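A.B. asks: Listed here are the chains, written in short residue letters.
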Amino acid sequence: MRKPAKGGAVSSLRLSRRGRKDLLLAFLLLLPTIYILLKTFVSPIIESLVWSFYKYNLMDGSDVIWVGFRNYKQIFGLNEFWVSMENTAYFTVFTVGAELVFGFFSALLLNQMFGGRLFFRGIIIIPWAMLTLVNGLMWNWIYQPGYGGLTVILHKLGMLSANSNPIWLTNSFKIMTFASIADIWKMTPYMTLLLLAGLQSLPSSLYEAAVMDGAGFWKKIWHITLPQLKPAIIVAVVLRIIGAFRVYDILTVFSGDPTTSVSFLTYNYAFRYFYLGKASAMAWISTLFILALILVYIRMLKRNSELE
Amino acid sequence: MKNKFGVTKFFVIALTFLMLIVGCSPAPKTASNSDSSASKTPDSSATSSASSGGAVDLNTLDWTKADDPAVKNEEVTILAVDNDGTVSKMMQRFTADTGIKLKILPVDYNSLYNKITTAALSNSSDIDLVEMDTIWAGQFMSGNIVEDLTNVVPADIQSQFTQSSLSSVQFNKKLAAMPYFSSTKHFYWNKKMLKDAGYDAPPKTWSEFREMSKKLTKSGQYASGWSWKQAEGLNCDFVGMVYSFGGSFFKEDGTLNVNSDGAVKALQYMTDLIRTDKTIDPASLQWTEDEVKKAFFAGKIAMMSNWEGMYPALNDPTQSKVVDQTDVGLLPGEGNVVSATVTGSEGISIMKSSKHKLASLAFLKWMGSKSFQEPSFIERGQYPVLQALYSDPKVKAADKTNTIDKILAQFQYGQNRPNGPGYVEWADILSSEVFKALAGNKPPKQALDDAAQKITEAQKKAQ
Amino acid sequence: MANHLGTNAAAPVIGTRRNSTIRSRLFKTASNELISPFYLWIGLILLTLFTLAPFVYLLLTSISPSIELLDGRLIPKSPTLDNYVRLFTGPTAASYISAIKNSVSVALWTTLLTIVLGVFAAYALAKIKFPFRTTALFAILAMQLLPSISIIVPMYIMMRNGIPVGIPFTGIVFFHTPPLLDTVAGLVVAYTTFSLPFAVWLMAGYFQTISKELEEAAYVDGNGRLGTMFRVVIPLAMPGIAATAIFTMLSAWDEFLFASAFTQTEAAKTLPVAIREFIGRHNLDWGLMTAGGFIASLPPVIISLFLYRYIVGGLSAGGVKE
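Chains as they are written, first to last, in the working numbering: chain A, 1 to 308; chain B, 1 to 463; chain C, 1 to 322.
Rather than coming from a laboratory, the hints here were simulated on the basis of the structure. Careful: at least some of the hints might be erroneous.
Listing some non-contacts, in silico: residues in chain B with all C-beta distances to chain C over 12 Å [unchecked claim]:
1) P106
2) S122
3) N151
4) I157
5) E211
6) F297
7) L330
8) N336
9) S391
10) A439
11) P443
12) A462
Calculated lysine-lysine pairs in the DSBU-like style (CA-CA distance at most 35 Å, straight line) [what the hints assert, rightly or not]:
13) K103(B) x K39(A)
14) K103(B) x K460(B)
15) K321(B) x K73(A)
16) K230(A) x K129(C)
17) K77(C) x K174(A)
18) K73(A) x K365(B)
19) K321(B) x K156(A)
20) K129(C) x K39(A)
21) K77(C) x K191(B)
22) K321(B) x K77(C)
23) K174(A) x K65(B)
24) K461(B) x K55(A)
25) K212(C) x K230(A)
26) K115(B) x K174(A)
27) K460(B) x K55(A)
28) K55(A) x K365(B)
29) K21(A) x K129(C)
Per label pair, the in silico range of CB-to-CB distance [what the hints assert, rightly or not]:
30) T456(B) x V56(C): 48 to 58 Å
31) E86(A) x T150(B): 40 to 50 Å
32) K173(B) x K77(C): 53 to 63 Å
33) R231(C) x K21(A): 17 to 27 Å
34) I167(C) x P227(A): 42 to 52 Å
35) A53(C) x V338(B): 48 to 58 Å
36) S207(B) x E86(A): 36 to 46 Å
37) F306(C) x T456(B): 51 to 61 Å
38) V93(A) x G335(B): 43 to 53 Å
39) I34(A) x M238(C): 17 to 27 Å
40) G440(B) x V56(C): 32 to 42 Å
Source: prediction; values computed, not measured. Glycine is no exception: its CB is placed at the ideal position from the N, C-alpha and C atoms.
Next up, chain A with everything else stripped away, as it sits in the complex:
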């Protein structure tokens, strides 16, 4: 995708015969995918956009009426919405950050040559392959006060005094933190795989010049690995932000507190309180928000690399 800049509307006017045939072929090849996405994905999404401009409360027997941007206005003024945004942002930053760091170092380890590499590369996939639902319930079990794995191990290691028995999930900050840990455990392998893939495409002679110059570990990472790995990191981080921002399942296991994430709150608005209009508006606001976030992130990285 190095030279698509030409492929604007202008160049399409000057297509050769082969070009025109290609265009038709491209269209035919894309057709099934476009058709399916339009049919099963885009049209429901549009429907939800339409709903977002209506007062559409299912469960109180009221009429469906057009309210313009009122739903949007109300959501911007809704305290819970901002709390949930904050919590989601915390969750996203914490998990994606930690997953990036752990994933990066795991990828470095697994990119080396050593006996049994196969085995280690295999086992790291286990958390990722586990069902999300089971993962949530498992960590909920680990976090049980008194007899849960976390408390028991901390007691055994002497990191907790024998008569102290902390309650792990007592406010939304703690819930978010412990849910993040569960998510980090499950999704770090995903990050590792993406980064490992990036590392593998780098030439193996990468560090040789630096070794001659006698650079240390951190120097090599900072000056060689990271810049080279940047495209892979961008993609991995974008994919994970998208995933983390939509966190829902795992939080429902830990608490009934809907302000722990935007998805949770949206879900409750749609399927528990049945303010379908407002829920749709909320979904659209958060989508646009995350879209903007990702654009800014990519733009920033772009500018960064241009400066270098």
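With chain A's structure known, arrange chains B and C on it following the hints.
C.D. replies: For chains B and C alone, kept in the frame of chain A given last:
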């Protein structure tokens, strides 16, 4: 994500595209649901009284026609909680008894509500009957999801149900469902632990409970455990507590009132137990009913409030470490209140969108009768909704642990949660604020005042 | 790049070739590597520990008798396979086994459909020049952002009514599918919708890395576009396609929200739904839950272990490049 042209172009295209689709697509189908249900309402209620003679309308709600032979060819579909297949087995007897085919869609409790509402939202007629928890009555009635059975089920049939099971399927005096089983929370205690602490009898009042708790708490053992995780289980305990402290969730004019004096007293009491006295297993803040049960079974707590169904498991040595050490009875009261507890009874409703209403009614008629209620207790331990069954010899004989009278006694003190159409949202607000008080993040009074204010706001916003 | 480091002389322990003691071998970093064996193995041990500990804990819990669960014991005193026996012979066995079957067929069909459709689209996006190509690729990625929650209801209606296949906005319908609610096919359609964008995007990235020269050669040989695609590009892109297939399969295996909304009976319920049913209203059968969860996690784990080579290899060349 290549160049900025790509991005801008994408938006332009997307926008044009959106306009195109929105312009082309018919006016939002959103209104269709309420339209069709509204149009259906008059004829279904009218026919119940008007249709006499002639062919039987199979989509009518007429109690007297429910046994008509014409119904036999019908098939009805029911959505009900069934974790192990025993409910399905029991309900299949309906076909044997009446000839009407029954298709059972088993579901877990946590998915039940979503399944019902998704079906209702899409105006689907696939499901005829649904299990309804007491707290959904207002929503299902106001949302036109289920049929109003007030004038469908004859008064003499309604009067056979226990008061608590009947009131829990009503909203504004309207019958939203046929009572399915009876349930409240009960008080369980470990006789041995109480004896060790010098008590021969369980506490009668919450003041006694508090004093006894102090003696019952020692290393490795707490006096009590509760389901105080921020979830519906917390509301259940709170409701029972509020009524036992003389509070109520309603003002005299019937409007919701979560911060009455009794409610503040109740929350203060709960907070004192867990934060000042520390006689409650602190893990309670992370527990649902199930974890409380497990702790009680493991002999880690001396007293608990929980639903029915603990026996006979409590006396099964493969599951319990407290075999023959426990008993069940009335939850404590306070002052003039002897006892108060929350109801968790359920009913079965007929969906508005059903196309087999007469056959569905036939099912309700069968389900609310002895034919179902008796085996349901004997084989599954679910408490009957028919008053007469509590003195039925077969039922008595099946009650191996002799707990049925104690359970029935508690039913008399059952209090319903406010089940108006916005209940689910109020409940989320309430549990959130109550939890904050218990976790020590807010004083009880302020938490309840905040809850009251937020609920008022929510009610306003819903308009 | 080396210029930055040129003047730096902070040489570590490397290069002391004289003493070939274990110590130096442990701390010596090979010239083309980054980490010395000592730190490598420390890292690996930590990695293994953190990766496996919760999983092993789950496994140990599943073989604990229920009466021991609250003892705070990490390793059960009297381990038992009772939960697994109950899982496959108890009252829920039939529904659990049918859920395994459904999950397998949903995952396989979704993967097949996604890959077949996705390969064409990816090829077009990666190898044919046409206007708005980049835009299309970005649009496809952006689709992933959209909230899946808000489309459940419209999609449910669509599933219940069956999907008309025809030309949009013209009213021409070639074919109308039967209602897809509570069918494996319905879930396959829903999941394909969600996995297609990601699959297309991933494969397009991989296709781009396949050398132009090979393709041109095949083209000149008289193979035409499609011939080139089937004879040259797709065989070369096999690792990328395999990696995409695994990603698709895992997400179809894992999905809960839609599976729960669109299925009603054993005919279509998948494993996450079946496991969720072990949770009662006021009780959770922890033993069944962990045993069921463990078994359900095995197939993806085993598949990933066998195909891990493709997962990484398939991503490496192109998938994660822009």
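A.B. asks: Of the numbered hints stated previously, which ones are contradicted by the structure, given in increasing order?
C.D. replies: Of the numbered hints given earlier, those the structure breaks are 1, 2, 6, 14, 15, 18, 23 and 28, listed in rising order.
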